[in-house]
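As a plain string of letters, each chain reads:
Number of protein chains: 2
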Amino acid sequence: MGTQPKHTMLAAQRNPRRNLAEELISRGVRMTHQRRILVDLIQRADRHLDVLTLWRRARSRDSTLNKVTVYRTLSLLKKHGLVDELDLMHLEGEKHFYEARTTRDHLHLACLKCGAIMEFESSLFEKLKGQIERERRFSIQVVRMEAGGICAACRG
Amino acid sequence: MGTQPKHTMLAAQRNPRRNLAEELISRGVRMTHQRRILVDLIQRADRHLDVLTLWRRARSRDSTLNKVTVYRTLSLLKKHGLVDELDLMHLEGEKHFYEARTTRDHLHLACLKCGAIMEFESSLFEKLKGQIERERRFSIQVVRMEAGGICAACRG
DNA sequence: ATTCTTATTGCAAGTGAGTTGCAACATGGA
DNA sequence: TCCATGTTGCAACTCACTTGCAATAAGAAT
Ligand SMILES: [Mn+2]
Ligand SMILES: [Mn+2]
Ligand SMILES: [Zn+2]
Ligand SMILES: [Zn+2]
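Each protein sequence line maps, in turn, to chains A and B. Residue 156 is where the first sequence ends in this note's numbering, and the numbering goes up by one at each step. Residue 156 is where the second sequence ends in this note's numbering, and the numbering goes up by one at each step.
Note that these hints are calculated values from the structure, not bench results. Check before you lean on any hint, since a few could be wrong.
Put simply, identical chains are the same to the list, so a pair is met inside one copy or across any two.
Said to hold, decoys possible - With a straight-line Cα cutoff of 20 Å, these simulated SDA-like cross-link-like pairs (lysine to any residue) come out: (1) Lys79 with Lys113; (2) Lys79 with Glu92; (3) Lys129 with Gly81; (4) Lys129 with Leu86; (5) Lys129 with Ala153; (6) Lys78 with Lys95; (7) Lys95 with Ser75; (8) Lys113 with Ser139; (9) Lys95 with Arg144; (10) Lys129 with His106; (11) Lys113 with His33; (12) Lys129 with Asn66; (13) Lys67 with Leu52.
Computed from a prediction, not measured in an experiment: that's the story for all the values here.
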């Protein structure tokens, strides 16, 4: 099981939201040194980050930054709907992955053979969400769709 | 946060697959006393079961049945594609929920206010899966879609 | 600039889901 | 009935994540 291809740009880069730090400040959240580092790393991330990776990257900017602060910052961002939490089919254990929320939702494909993670946007996805909201009168705040299977490269 | 309504029948009851025990036997899996109990409970379940609930129910039939066996049986069923693993938006901590896989996929709606879990089937969901398989040449083995939000009852 | 309130941090300890090694045991085919 | 091999229970473990608390820092008020 390898890793995802380097050349595909994350949806969070193509469809970015407003600056995360500004977004937090405008909501009256205290902008600490630690949060500034973490939020910046999340926003610029080249891939879906787990807590340990995010912590390691953060420590290279402030070696005293504690892992607990990473968890607490991610909770904060989740609570404000600014990051999405992913399972990526729990391909690498029980941990979770995080990405800045984009202007348009997308879903994730995880190859069970090589471990590649792909993103997919579709108007059918948007239509499906609309159908749920209408037919069930359910107000969607967060959606998570993931598919596990075999990618094109692994099928040959 | 309450619990899901009693009157909605689980998709696993409406669209059941072949008997889980028979399915395992036909695949050359040893049918132990413990597996028979667990598989029967999963098949007849009135709601999405977490490990602890499944274990408690199993112990009322065999008080020596160990929790590790529950985990190992669920892994086995997952490996054979006979159960689906759900997060239900991790509304109650990090644990997972399980249900027998049905003939037709469905998605889950989790009310962030009252904790109700609803199921939803849609041809748009099927179309979306088809689009992924075609456009990405990705062979889907398992899909998981969950939405968190506010249910009709909580919206009033 | 200085003070002050209060949210946030780091640390250490704890929780809880899920895993693993191994000896005893049960399954199902010979 | 016997036997080879897969499965179980137990205890100990790992790992992701949480919590209590004293020290600290943000940022609003002065
Ligand atoms: Mn999960
Ligand atoms: Mn993504
Ligand atoms: Zn692959
Ligand atoms: Zn509700």
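Here is what the structure says about each hint:
no. : hint               : verdict
1   : Lys79 with Lys113  : between (34 Å within a copy, 14 Å between copies)
2   : Lys79 with Glu92   : between (25 Å within a copy, 15 Å between copies)
3   : Lys129 with Gly81  : within (17 Å within a copy, 26 Å between copies)
4   : Lys129 with Leu86  : both (18 Å within a copy, 19 Å between copies)
5   : Lys129 with Ala153 : between (30 Å within a copy, 19 Å between copies)
6   : Lys78 with Lys95   : both (16 Å within a copy, 18 Å between copies)
7   : Lys95 with Ser75   : both (14 Å within a copy, 17 Å between copies)
8   : Lys113 with Ser139 : between (36 Å within a copy, 11 Å between copies)
9   : Lys95 with Arg144  : both (16 Å within a copy, 17 Å between copies)
10  : Lys129 with His106 : both (12 Å within a copy, 13 Å between copies)
11  : Lys113 with His33  : neither (40 Å within a copy, 33 Å between copies)
12  : Lys129 with Asn66  : neither (38 Å within a copy, 41 Å between copies)
13  : Lys67 with Leu52   : within (8 Å within a copy, 29 Å between copies)
Figure legend: structure checked against the earlier numbered hints; hints not met, in rising order: 11 and 12.
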